[in-house]
Amino acid sequence: MDRIPLVTSSTTFPLRNFWNSVMVYHDRPNVVNRKLAAVAPVLLCEISLHSPRIKRLSEIFTREALLYEIRKLPNLQMITPQFIREITESYDKNASIKECDREVFERSLEGQFVSLRILLPRGDQKKCLELVIFDRTAKSATFFAVQEQSEHIAAPRFPYHIELTPSDNLRIVLDTFEDADTSSAEWLADKLFPKLLKWTEDVQDKAVTSLSLVLPNEYCTLYAELKAKYGENLVKAWPQKANTDPQKYVYEDVAIAAYLICLWRRLGAENINFVDCGCGNGLLVYVLNEEGYRGHGFDIRGRKTWDLYEGRADLREGTITPESTFPEATWIIGNHSDELTPWIPIVALKSSPKTNFFVLPCCSYELSGRKYVRMNSAISQYEDYLDYVRNISVLCGFTTSVDKLRIPSTKRTCLVGVRGDASDVEEIQRRVSAFVGQRQNCEFVARESVEAVRNCTRLNRDLIKRIVGLVVEQLLKAECTIGKGDGQAWNRGGTLHLGELSQKIPAEDRKPLKNECGGLQTLLKNHRYIFDVKNGEVSLRPPPSLNECNKYKDKPCWFHANHPDGCLFRSETCAYKHVENL
Numbered sequence: 001m002d003r004i005p006l007v008t009s010s011t012t013f014p015l016r017n018f019w020n021s022v023m024v025y026h027d028r029p030n031v032v033n034r035k036l037a038a039v040a041p042v043l044l045c046e047i048s049l050h051s052p053r054i055k056r057l058s059e060i061f062t063r064e065a066l067l068y069e070i071r072k073l074p075n076l077q078m079i080t081p082q083f084i085r086e087i088t089e090s091y092d093k094n095a096s097i098k099e100c101d102r103e104v105f106e107r108s109l110e111g112q113f114v115s116l117r118i119l120l121p122r123g124d125q126k127k128c129l130e131l132v133i134f135d136r137t138a139k140s141a142t143f144f145a146v147q148e149q150s151e152h153i154a155a156p157r158f159p160y161h162i163e164l165t166p167s168d169n170l171r172i173v174l175d176t177f178e179d180a181d182t183s184s185a186e187w188l189a190d191k192l193f194p195k196l197l198k199w200t201e202d203v204q205d206k207a208v209t210s211l212s213l214v215l216p217n218e219y220c221t222l223y224a225e226l227k228a229k230y231g232e233n234l235v236k237a238w239p240q241k242a243n244t245d246p247q248k249y250v251y252e253d254v255a256i257a258a259y260l261i262c263l264w265r266r267l268g269a270e271n272i273n274f275v276d277c278g279c280g281n282g283l284l285v286y287v288l289n290e291e292g293y294r295g296h297g298f299d300i301r302g303r304k305t306w307d308l309y310e311g312r313a314d315l316r317e318g319t320i321t322p323e324s325t326f327p328e329a330t331w332i333i334g335n336h337s338d339e340l341t342p343w344i345p346i347v348a349l350k351s352s353p354k355t356n357f358f359v360l361p362c363c364s365y366e367l368s369g370r371k372y373v374r375m376n377s378a379i380s381q382y383e384d385y386l387d388y389v390r391n392i393s394v395l396c397g398f399t400t401s402v403d404k405l406r407i408p409s410t411k412r413t414c415l416v417g418v419r420g421d422a423s424d425v426e427e428i429q430r431r432v433s434a435f436v437g438q439r440q441n442c443e444f445v446a447r448e449s450v451e452a453v454r455n456c457t458r459l460n461r462d463l464i465k466r467i468v469g470l471v472v473e474q475l476l477k478a479e480c481t482i483g484k485g486d487g488q489a490w491n492r493g494g495t496l497h498l499g500e501l502s503q504k505i506p507a508e509d510r511k512p513l514k515n516e517c518g519g520l521q522t523l524l525k526n527h528r529y530i531f532d533v534k535n536g537e538v539s540l541r542p543p544p545s546l547n548e549c550n551k552y553k554d555k556p557c558w559f560h561a562n563h564p565d566g567c568l569f570r571s572e573t574c575a576y577k578h579v580e581n582l
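Numbered according to the UniProt record's numbering, the sequence shown spans residues 1 to 582.
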């Protein structure tokens, strides 16, 4: 039966670009399919059938045949070439099935290959098997995820084919009209196909894949366990001790803990003894300690969240400097360690020959503790900073790997430095000392133990008054009048964007705002009785009446004293106190 073209590109592509696009999707389907957390490769085989009655290899790998063989398995990880042979034997007893590696596949210009892998869904859905058939000769790839009909599935339930046509157009093809009339077909056309086109154009795809240093299957399983074990209770208790979003910070640190445990298992690391430098809220240390890993966290000051762990996490107050060493540590952790980040490899180097490191850079800092200045303008500040830290790691003699974590953060690239069997430690330390000495202003400046207040409340009062007056003046230029109780007009002004207002403030007044968290927005929100700030836009907030609110009656009315039209209400009906000659 003829297949049904679902969507076809209007442009043509070279064969190399086509296969590049297909393999990006094969390796990282979770980039486009948000139902997936990761994939776990199980088997790659080269297959050759000699039966003339088989036109397409996909014809024999039916749902029924695959499910029949899957049900025999104790678990999906147990798949071997025999799994494929059991299906092909009915059609061709002389079929050639040879397990191969990725290099063999990429060198081949023709032939057929079968990839079997496990799709790992987000949430609590069951894992499922996906079969991928690569036909190098026909320039096509068939994807087919198989799951019991009663189970949810994180991919289309029918096979779909990505092909390069004889005229070199990219297209997706389905087997039946019934498949084409589904929401999954819409997803293939509207979501997957645009991504395939993009990847077809990006031949040199150098993006770091996520979870490349751990087993994705093991990570997803462990993360689900830790999330269930710690997540719910901590999310409930978090607001009692912190103003940060528990959905982000709790699950982010649980995910990092799951990653580290899987990394240590993959590396065969034993007798773990970690030090978390700049441990902040302490949650990562808590989870690792609770899971039986010895180690402690240092931070320059304690956090209220530490009380949540009831003494079951080894958290210590103290200052860590570039001179700090931890001879007993097998791993130095830098989780958003800010000024300490570029020093983490150096601290690990000086600690002991058995000390490795894990660092997750966030804010960019130089060795001096000052903000990092980008060296390579051809890439982003973040990418350039990652290169900077990686170069320090390599200089320190570590085998340095880069990976991406699955955390709710845009900055999720980590560096892992593993100590080799280097015998020239003294030479490495000499080179590192020379490198540090060559950096200008390289003397490290530690963060103060008392956190500076940067919420605009400590700014000069005259400065605050000037900025408030200027913003009100700008808003009132766009006249919008409403009626006062005495029949006169009251100008409530217009609405302006924060960026637009910021440009109206003189440079000398803008400079102090840059050192405050939130800048102008924070200052205006501190004056919520004057301004209404929503979605980056600012307008005047008319004063409430006494009927609406009576708890401010002992406080002076700002509008009565400062608005050109006075207050919107009379003295006896305004929620604030009208004081003359303020």
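None of these hints come from the bench; they were simulated from the model. Check the hints yourself; a few may be wrong.
Unchecked claim - Estimated spans, in silico, between C-beta atoms of each pair: (1) N243 with R458: 58 to 64 Å; (2) T12 with K504: 48 to 54 Å; (3) R541 with E317: 39 to 45 Å.
By construction, the Cβ of each residue, glycine as well, lies at the ideal position given by its N, Cα and C atoms.
Going down the list of hints, with the structure as the test:
Distance hint check for N243 and R458: the Cβ-Cβ separation is about 19 Å, which falls outside the suggested range of 58 to 64 Å. One distance hint, 48 to 54 Å for the beta-carbon pair T12 and K504, holds here, with the actual separation near 53 Å. In this structure the hint that R541 and E317 lie 39 to 45 Å apart at CB holds, the actual value being about 42 Å.
Checked against the numbered hints listed earlier, the structure breaks hint 1 alone; every other hint is satisfied.
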